[in-house]
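**Student:** For the record, the sequence lines run as chains A and B.
If you count by my numbering, then the first sequence holds residues 1 to 281, one letter each, in order.
If you count by my numbering, then the second sequence holds residues 1001 to 1277, one letter each, in order.
One or more of the hints may lead you astray.
Residues from chain A that keep clear of chain B, each with C-beta distances beyond 10 Å, as calculated [as the list claims (entries may be wrong)]:
1. ARG25
2. ILE59
3. ASN60
4. ALA65
5. GLN69
6. LEU72
7. LEU141
8. LEU157
9. ARG166
10. VAL192
11. TRP195
12. VAL198
13. ALA239
14. ALA265
In silico contact screen, one side only, chain B against chain A (beta carbon under 8 Å); selected entries [stated by the list, open to error]:
15. LEU1020
16. VAL1058
17. LEU1061
18. ALA1062
19. ILE1256
None of these hints come from the bench; they were simulated from the model.
The model shown is predicted, which means the values in this text are computed figures rather than measured ones.
Even for Gly, the Cβ is constructed at its ideal location relative to N, Cα and C.
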Amino acid sequence: MSQAVNPALSITKKEKRSPSELGLRSITFIYFAVMILIPLVVIFQDGFREGWQEFWRQINLPIAAHAIQLTLWTSALMTLVNGVMGLATAYVLVRYEFPGKRLINAIVDLPLAIPTLVTGVMLVILYGPQRALGAFLKEELGFRVIFAPPGIVLALLFITLPFVVRTIQPVLMDVDRAQENAAATLGASNWVIFWRIVFPSILLPLLNGVLLSFARAVGEFGSVVIVAGNIPMVSQVAAVYVLGEVESENRLGASAVSIVLMTIAFGMLSISDWLYKRWER
Amino acid sequence: MAENIQTQKPKKLGPGAIFLIAAVLIYLAVLMIAPIVALIAGTFRDGVEGLLSALSNVEFLAAFWLTLKISLLVTIIQAILGTITAWVLARQDFIAKSILNGMIDIPFAVSPVVVGYMLLLVFGRNGFLGPVLASAGIQVAFAIPGMVLATLFVTMPFMIREMIPVIRGLDRRQELAAATLGASEWTIFWRVTFPALRTGLIYGMTLTLARALGEFGAVLVIGGGAQGRTETATLYIYRALEERQYVGAYSAALLIGLCTVILVAIADWLRHRSTSK
């Protein structure tokens, strides 16, 4: 876009390639190579150094497989809740006036600022077994939050809250209200208007936010290690499993599960990117 | 146009709207406000004295100081390299540009544990570059340089993503005018370009600093969390929890959380002020 602004400028740019420009470009290449490319190549090479079969065996070891499955289903459950409640939050913030709206709008961004380890500490204080609320849930309802999957889902929900809300909000603001007013004049109910007019126009940003949340949740560590602990086959998620394998020097297992995590997250980001580009057009 | 929509909006809320608002308020109260209140209550469990003695703990102060040093160093490096990268991506055309563009967000998608582990694979004892660096007397893994690299990795996208649109939005006619008047590239950058970048730069640096202060997983794996040597504030919190020094852990968590929230609030305020001008 910026290149198209003034053709005269881009012509002068192409003709003049000064040494300082090439210098800056080299710095950028070295920065990316050292920070991203070399580490990625090394970990993929390490995970597959004994071949595909060994890679496959490592991620199917019972504890590894359980950790990956736990990560995937808690992330999926979070994504579902976050999709519904994130949409509701964005809708309420855009469409209604109510006391405390500005405060709510500000609070939505807090998870982006709070370190995830701190999030974990907060949840442990609130739901920990020795605390009032945690003890009540456990004794009266038999519902464990801490060191169990519900705690993982809560932590992931906290961390990813802004993703769905903040991707939908600007789009919802731009939705043309004339169509809705027309539908209302024709006698459509609020529910019909929402599903037939509003929802289709925010479907793509919703999917986008949901995919970003999932990508973010799969690798989450700081909050989950505090909330869920490190109990294999019970509450050990994939990122915590990787830490354990690094510490016990099982490099192959650590690399294999890391590769699985990264592949899932990259996949989600790529789909989200692709959707976004389609939607821009 | 927006004002028209505002005035058309019905003032009175229907039962459906009230139900929806109530659901959202309850959700946010349970999910976010309750945990935050719990942290504050937990910190003051032993009164202000408990908080003060926890925060004047020598081990905590050493850890916090280390966090501060690493985060400030990372912020400065990121300000330079992030701006250069954004400049190259915004201004130059070259073959691998779209590949680089696609790589910027990779750090967002990599688990912090995996970040630390990758660096361990590259710079560790048996790593890819470890032996070379070791023979030169540089220790990266289980030392400060590794922790700086890990923090650089996780904060990489902030500066670049912030600066690309800022650089694209620059008015190039001013630069061309300065060049016509005979100014050198260096003079043009410092006198014309840099002042226009300043707000974006400060915003990006504030976000980078906030993210760096709270980093945990990556510095745990690459640094090892040796108390007094590679223990940052977040690693101190983790250890204090395991050793059941609850007030110590809660106080440190509240302090770090407050620092990052205030930094992000300052960044937002700066941005708001510059856009409303």
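**Student:** Decide, hint by hint, whether the structure agrees.
**Tutor:** Against the structure, the hints:
Its beta-carbon lying about 5 Å from the closest one in chain B, ARG25 (chain A) breaks the requirement of being farther than 10 Å from that chain. With a cut of 10 Å on Cβ distances, ILE59 (chain A) stays outside the contact zone with chain B, its closest approach being about 14 Å. At roughly 19 Å, the least C-beta separation between ASN60 (chain A) and chain B is larger than 10 Å, which holds for a residue marked as non-interface. With a least beta-carbon separation of about 18 Å from chain B, ALA65 (chain A) lies farther than 10 Å from that chain, consistent with its non-interface assignment.
With a cut of 10 Å on Cβ distances, GLN69 (chain A) stays outside the contact zone with chain B, its closest approach being about 16 Å. Distance check on LEU72 (chain A): its Cβ is at least 14 Å (rounded) from any Cβ of chain B, clearing the 10 Å threshold; non-interface status holds. Consistency note on LEU141 (chain A): stated as away from chain B, and its beta-carbon is indeed over 10 Å from all of that chain's, at 15 Å minimum. Annotated as non-interface, LEU157 (chain A) brings its C-beta within 10 Å of a C-beta of chain B; the closest such distance is 6 Å.
With 10 Å as the threshold on Cβ separation, the claim that ARG166 (chain A) sits away from chain B holds: the shortest Cβ distance comes to roughly 13 Å. With a least beta-carbon separation of about 13 Å from chain B, VAL192 (chain A) lies farther than 10 Å from that chain, consistent with its non-interface assignment. For TRP195 (chain A), the shortest C-beta to C-beta distance to chain B comes to about 13 Å, beyond the 10 Å cut-off, and the non-interface label holds. Interface exclusion of VAL198 (chain A) from chain B stands, the closest Cβ pair being 13 Å apart, more than 10 Å.
With a least CB separation of 5 Å from chain B, ALA239 (chain A) falls inside the 10 Å interface cut-off, contrary to its annotation. Once the 10 Å rule is applied to beta carbons, ALA265 (chain A) is inconsistent with being away from chain B; the minimum gap is 4 Å. Annotation: interface hint on LEU1020 (chain B) holds; nearest CB of chain A at approximately 6 Å, less than 8 Å. Because the closest C-beta pair between VAL1058 (chain B) and chain A is about 21 Å apart, greater than 8 Å, the hint is violated.
Checking LEU1061 (chain B) against chain A by beta carbon gives a least distance of about 18 Å; that is not within 8 Å, so the hint is violated. Given the 8 Å rule on beta carbons, the hint for ALA1062 (chain B) is violated: about 18 Å separates it from the nearest Cβ of chain A. For the restraint placing ILE1256 (chain B) at the interface with chain A, the shortest Cβ-Cβ distance is roughly 6 Å, inside the 8 Å limit, so the hint holds.
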